[in-house]
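A.B. asks: Sequence:
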Amino acid sequence: MTAVGLGALLAFAALGTPERLSNGGYIAHGTEATRAESVLAQRFDSGIPDLVLHARADGPVTGPEAAAAGREFVQQVARRPGVRQVLSYWTLGDARLLSEDGRAALVAVDLQGDEHTTARHAATLVPGLTGPHGPLRVTATGPAWVMAQATELSGNELVRAELIGVPLAALVLLFAFGSTTAALLPALVGGLAVAGTFAVLRLLTAFLPVSAFASNITTALGFGLAVDYGLFVVTRYREELAVGGDPARAVIRTMRTAGRTVSYSAATVVVCLSALLLFPLGFLRSLAVAGVSVVVLAAATTALVLPALLSVVGTRVDRGDVFAPLRRTRRGEGVSPWHRAARAATARPVLAGGCAALFLATLALPFAHVRFGVADERVLPERVESHATALTVERDFHLPWNRTLTVLLPDVDAVDQERELDAYARRVSALPTVDQVSTGLGTYDDGRLVKGPDAGSLAHITQGATWLAVTGSGPPGQDERLVEELRALPSPGGPHLVGGRPARVLDTKNAVFAALPTAAAVVVGGVLLLVFLFTGSVLVPVKAVLLGALSLTASFGVMVHVFQDGHLRGLLGDFTVTGELETSVPVLVFGAAFALSMDYELFLVSRIQEEYRATGDHRGAVVTGVARTGKMITTASMIFAVALLPLVTSEITLLKLIGWGLASAVLVDATVVRGVLVPAFMRLTGHANWWAPRPLAALHRRLDAGRWHETPPRPAGVPHARHLTGGGRQYEATGSGSGRAPGEGPP
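Quick note on numbering that gives the first Met the number 0: the sequence shown kicks off at 0 and runs consecutively.
These are computed hints drawn from the structure, not numbers from a lab. One or more hints might be untrue.
DSS-like, lysine-lysine: derived pairs with alpha carbons at most 30 Å apart [stated by the list, open to error]:
1. Lys542 x Lys630
2. Lys655 x Lys508
3. Lys655 x Lys630
Now the in silico label distances, taken between C-beta atoms and shown as ranges [what the hints assert, rightly or not]:
4. Gly101 x Thr361: 51 to 57 Å
5. Pro692 x Ala299: 31 to 37 Å
6. Asn155 x Arg486: 40 to 46 Å
7. Ala205 x Arg70: 40 to 46 Å
8. Ala429 x His368: 31 to 37 Å
9. Pro166 x Leu545: 36 to 42 Å
10. Leu545 x Asn155: 40 to 46 Å
11. Val311 x Arg347: 43 to 49 Å
12. Gly29 x Gly451: 24 to 30 Å
13. Leu527 x Leu570: 35 to 41 Å
14. Asp415 x Gln74: 31 to 37 Å
15. Leu364 x Arg568: 57 to 63 Å
16. Gln41 x Ala299: 44 to 50 Å
All residues carry an ideal CB built from backbone N, CA and C; glycine is no exception.
Given these sequences and hints, build the entire structure.
C.D. replies: And the structure:
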């Protein structure tokens, strides 16, 4: 009843969370591009428009009736709250704002506030601005409207996630446990974690912008981890009961073994997710804070609520086996597939491990030609207004508003330094990758002034400063090269700044790549330390990092093959192939999937180490450890994949990419890595797996002294551990993996 009351309290605290979430955070701030756009906004009232309104008529929009309606519409937009500036064809006469057929015109709207505020303004403004306005029919696109529509769509999909993911996970648990009672316990822990997730997000929104996608991602992560932890604990509790322990003693032993592993697993996940805070992207930082909070909540729920539930359930944990008829097997058929796989891998470790490594390397090959970008309207389905309108603008207009670069000359006066500005504009327009340059002096093409100044040229001039609008001539993939050329080209009046969307993308990628080595060092260092503290081994942590990295690279290759190259669209649902991966997604998958890889590593290694300390038979310990945890790890990975299913089937490509990346990484790691690579590797390295230099072994014994307890009962036919002596102290093996002191050889 306390758990139910806690869940209700958390759910009540989470009310109103979706309305407080924001979007954006995919662009690094403090870069040259963002500095240029800040100066443009302050000194020129210019920059990338937050909204682009597309107004189309049945006839020419230059006609008297359409022109009058257009001017009235522009005035109506300008009077709306939150609007800072409005530019249009009817007020500027700029031909670039007129479609090729003359039947459509553009209205560019700048909104007040940062990207989170502009998205909220857009959500309020756009529904009243689109639709029929006299002879005009108006639709909208632009960064702010893309964010607003993505937020709305992700909220709708969150409801679908709860309706689909939770029942499917419960079915997987029921089939794995057989017992309805045993299956409900991890599901209840997962439900509490989800309720707590929203309560945590509700609290975080009071202190920092939290991405709207955080609710989708952290709900899947929190539910998946909480159910996994509950699964491990309940499985171990049933084993303790099966060897004759009373419920109270079984709970204690379970929390000393599986509970300890859960705590180390949660610490590992926290370290991996915390590394996301080092990246200069609001999207990743908000997910890092939310993810860490959810993991801590899932571990706390497992440690505090689940033991109480197990004590209440007692020996009734196996009641309600609805699949009992399917589980009856003839004598001699009880050997599990995981046991057979482990025996095969340890019998021929070089062949098995080599084939598994080759398979993962093949999956990783597409990652060699990865290209990175930043999320835009293409993450939404083409039927969504912001995406559809962007395609229309790109097709019908000569104004590539999302590809135009701005070159800011903060110390050049267009009047006093006309000759220097003219010469510079000619040099820029003569670059092979440049199509056209617009300045306060007019329009330049191929090193020549082709058009004199007009009304739109005045927007390029202010006292003591000016800027150029530069359009590239090549495909979009060459825009970043043009950014580098413009930054390298000397300008009059001293330093200059290059901005615009391609510059923002380039700067964001460079900022992420610059932070990557430090983040990787934090993750690897933290994992090495935690796995050493858990096992007392030097080799096992190194093995865990290397195999986890190989598994993760394979999942990256699959992501490139599917989403960058556009394969398997029929299987995953239609999505826009952009020819690139969103820069922040591999970073997020790196943090989350690597953490989950270590999660399964700890549960597997803990059982192998336990068997080794109890028997001294290295190969037998590996086979038994894999056999005892294989089904549990497979079930856990399936539950996590099921929790990610709503993301995989999402209409938002960004969520689909994250879900697919995490699901593929988890499933590959739980099968190929844990079932083949780990047993093969540990068979080859033999007793050295548990070796550590004497000083480290002594340190580990002191830090981990609480693990040495009396020997628990074991199933018939399994020998009890012997008293072992190491380092001048006597230890006794336990079901928690105690026995031989870390660093000691076999008995």
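A.B. asks: For each hint, tell me whether it holds in the structure or not.
C.D. replies: Checked hints:
1. Between Lys542 and Lys630, the direct Cα distance comes to roughly 22 Å. Compliance with the 30 Å bound is thereby established for this hinted pair.
2. Taking the CA atoms of Lys655 and Lys508, the gap is near 21 Å; set against the 30 Å cutoff, the hint holds.
3. Restraint check: the Cα-Cα separation between Lys655 and Lys630 comes to about 27 Å, which is no more than 30 Å; the hinted pair holds.
4. Checking the proposed 51 to 57 Å range against Gly101 and Thr361 shows it holds: the Cβ atoms sit about 54 Å from each other.
5. Between Pro692 and Ala299 the CB atoms are about 35 Å apart, so this pair conforms to the stated range of 31 to 37 Å.
6. For the hinted restraint 40 to 46 Å between Asn155 and Arg486, the CB-CB distance of approximately 42 Å keeps it satisfied.
7. For the pair Ala205 and Arg70, the beta carbons lie near 43 Å from each other, so the given range of 40 to 46 Å is met.
8. The hint said 31 to 37 Å for the Cβ distance between Ala429 and His368, and at roughly 32 Å that hint holds.
9. Here the CB-CB span from Pro166 to Leu545 is close to 38 Å, well matched to the stated 36 to 42 Å.
10. As the Cβ distance of Leu545 to Asn155 is approximately 42 Å, the hint placing it in 40 to 46 Å holds.
11. The supplied range of 43 to 49 Å is met by Val311 and Arg347, whose beta-carbon atoms lie about 48 Å from each other.
12. A hinted range of 24 to 30 Å is violated for the C-beta pair Gly29 and Gly451, which are about 38 Å apart.
13. Between Leu527 and Leu570 the beta carbon distance is about 38 Å. The supplied range of 35 to 41 Å therefore holds.
14. For the pair Asp415 and Gln74, the supplied restraint of 31 to 37 Å holds, since their beta-carbon distance comes to about 36 Å.
15. At about 20 Å, the beta-carbon gap between Leu364 and Arg568 misses the expected band of 57 to 63 Å.
16. Look at Gln41 against Ala299: about 47 Å separates their beta carbons, and that is inside 44 to 50 Å.
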